[in-house]
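Enquirer: Chains A and B are the protein sequences, given in the same order.
Start counting the first sequence at 1; every next residue gets the next number (the numbering used here).
Start counting the second sequence at 1001; every next residue gets the next number (the numbering used here).
The reader is advised that the hints may include incorrect statements.
Here are the simulated EDC-like pairs of lysine to aspartate or glutamate, each with C-alpha atoms no more than 16 angstroms apart in a straight line [unchecked claim]:
id, chain 1, residue 1, chain 2, residue 2
1, A, Lys46, A, Asp83
2, A, Lys181, A, Glu162
3, B, Lys1347, A, Asp61
4, A, Lys142, A, Asp58
5, B, Lys1116, A, Glu195
6, B, Lys1002, B, Asp1030
7, A, Lys116, B, Glu1195
8, A, Lys168, A, Glu311
9, B, Lys1367, B, Glu1407
10, B, Lys1230, B, Glu1174
11, B, Lys1046, B, Asp1083
12, A, Lys347, B, Glu1311
Which bits of chain A does chain B cover? Going by a derived footprint, with three or more residues having C-beta under 8 angstroms, they are [what the hints assert, rightly or not]:
id, segment
13, 18–32
14, 89–102
Computed from the model, here is a short list of chain A residues facing chain B with C-beta under 8 angstroms [to be verified]:
id, residue
15, His180
16, Ser292
17, Lys396
18, Asp399
Don't read these hints as lab results, they were simulated from the structure.
Think of the CB as a built atom: it goes at the ideal place given N, C-alpha and C, for glycine as much as any other residue.
Number of protein chains: 2
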Amino acid sequence: MKATIVTIGDEILIGQIVDTNSGFIAKSLDKIGVEIKEMISISDNKQHILDTFKNLQDQVDLVIITGGLGPTKDDITKKTFCDYFEDKLVVDEEVLAHVTELIEGYYKRPITQINKDQALVPSKCTVLYNKVGTAPGMWMKKGNTVFISLPGVPYEMQYLVEHEIIPKVVKEYERPYILHKTILTYGMGESMVAERIEDWENSLPDFIKLAYLPSPGRVRLRLSARGTDKAILEKSIAENVISLTKIIGEIIVGFDDDETIEVVVGRLLKQYKKTIATAESCTGGKIAQVLSSVPGASAYFKGSVVSYSAEVKTTVLEIPESVIEKYSVVSAEVAKLMAQNVKRLLKTDYAIATTGNAGPTTDLTDKQVGIVYIALVLPDNEVIVEEFDFGQPREKVIDRAVNKSLEILQKEILKNVL
Amino acid sequence: MKATIVTIGDEILIGQIVDTNSGFIAKSLDKIGVEIKEMISISDNKQHILDTFKNLQDQVDLVIITGGLGPTKDDITKKTFCDYFEDKLVVDEEVLAHVTELIEGYYKRPITQINKDQALVPSKCTVLYNKVGTAPGMWMKKGNTVFISLPGVPYEMQYLVEHEIIPKVVKEYERPYILHKTILTYGMGESMVAERIEDWENSLPDFIKLAYLPSPGRVRLRLSARGTDKAILEKSIAENVISLTKIIGEIIVGFDDDETIEVVVGRLLKQYKKTIATAESCTGGKIAQVLSSVPGASAYFKGSVVSYSAEVKTTVLEIPESVIEKYSVVSAEVAKLMAQNVKRLLKTDYAIATTGNAGPTTDLTDKQVGIVYIALVLPDNEVIVEEFDFGQPREKVIDRAVNKSLEILQKEILKNVL
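Kindly produce the complete structure, drawing on both the sequences and the hints.
Expert: Below you can see the structure in the form of structure tokens.
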């Protein structure tokens, strides 16, 4: 069973916004064994939309379309749907009642004609009711292909995928099993990993595909198995993961598919009942934000002092001015004191500190752009400080400093608990 | 002049990663007048890649391909390129010297055959030298279409777009002008705005297109003009913005295209020589991170106390335990004290505080998931506190709290300075 995802909207094609809807839909469909053949983004142009529909019909089982369902003039998907299916728009009374309730009852303002028009749907379509917004989804079949149109607002699209589309697809279609297993490694480059596991890779069965997903300092190896017998897939994946672990076990740090490093670190901290704080200069609070983005983070993350100005380092973090003058704000000594002092101040087991120059200018320091010091204090008060050159530009320096901080933390927690 | 962007990689099609490369390429090409016709994501499947190339040839002037150029076995773009152009791979000595220098000189490890193979390129291609990574870009023509292949690692792709592709396209192609102007409005829904400006919208000339880009609390209106005479486009855009301002001037808060609210707020603070700090609970440091993401933020952003645990609120932020006991951590009273105390502690003109429950559980408070209090202290010590219900899920609560905080700040700065 195959699907193609189509995103409609000029804002994507001119690079004004990044399409995150397609990824959500792909992940949801992949989980129930639907293979995504393509993702396509096209403009709000009627002829282009019609051509795209025509090309896709009978090529895939499902075409899922997002965008172009809003109340304003630049939204033309609904009219184009009518043209393609040779249908006409009619008022859906249930949608109209819902839109009226939402506008008059919840937003407390008079309903306009534009609002009312949102209840118009093609007469032959199956309406997918959108409880969290005003634009309904639509499900229509032509030839061997079902075309589904969804609003582009992410949480409305998500609601309809989870509550309407997935249950309907599961009920109406036979699907194969798709299993993914992602192995997270760190400390070795993509080409080195590939050399080490070459024989293992060549011995994988045909129904298992391997992909390398490199990112700074890390390589994820993803195994994807596809077939009709779930038990065979599971057994083969498990066996191959074991044989892989025998080859590169020392660089494997995690297994789960959706697990980010903050989730892994969070679980370790929670499991071993340890707490953490951060003192951040160049990362500007991003380590705190990433740690606290995990549901349940309050069990181990106590807080942070973002000392963006030097003054905050001396006042809140109580670093002597003489130390800053002697070594400069971007130095191993200042990073160390930041970490030690925030640990004491917030009474935690671990503390991370960053100080560096993310650029574009060098401000108050003698260090070049890209230089970052990361300090980590362990539960026994031992301090690790490392210097890095994260290059340019600014966002890369910040992101790499955040990643590296979490990597050092993860490595030390594992050392201390294993 | 038209282009299509093709992204190759199973990781995108199963929703494991979001494609951000296409947006970057689109924005860069749009600025020099190249229209993006489509963005397509396809799998690492040779036949599928060949079919896609064949469909695009002679349909657009440029096809820009990212992904599939890494050193490992799942990367097949280069071989497929050779098939499509009926060419063979040869060693490019300049690339080989660069890869050797990078691996042996910078990473200090022995070069492997896999590394060396990165210097293989189709014999007929124009090599785009990648100074920031090992995989070179390739530029090849077939029929009336130029196919450009780029590595998928974002900063390597960005380097090649900026330093190789854009200069080459500007030099070799005639292009029309494309002008965008984005008007940022807030406090009015998309359909209300549309009703108010209907007559104005209908009177726009054919060469100007209007798009509505709604997000929580805000609607951006984007005017896009395309034509050969830059002066006419500029004049018409300017005139239409003026006539729009006469209709909805009171809800317009900004004009520039790429300007995020943190950039606008940052410029205002810098211009009026004001400083700011944050005290964050449920937003976990994200307001600090967003404020400090702007280059030059150190001129106005002094720092933050992320008081994720109640204890940090009493110790670092010096909020009396009795207040927390009486009102609970998620309360207007606590938000107010957090803002006041961080302002005093960090000696700033403005201070923002957030406390709320982002979910999934309600932890130590009587307030339901989604309830957030935002406090803002002004330079004269006046405090504004507002309660919001940001619903669910967690990420939405955090993001809406961050956006709303910056909106309140922007509104108050404008009030105070205008």
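Enquirer: Return the numbers of the hints above that this structure violates; sort them in rising order.
Expert: Violated hints: 2, 3, 8, 9, 14, 18; rest satisfied.
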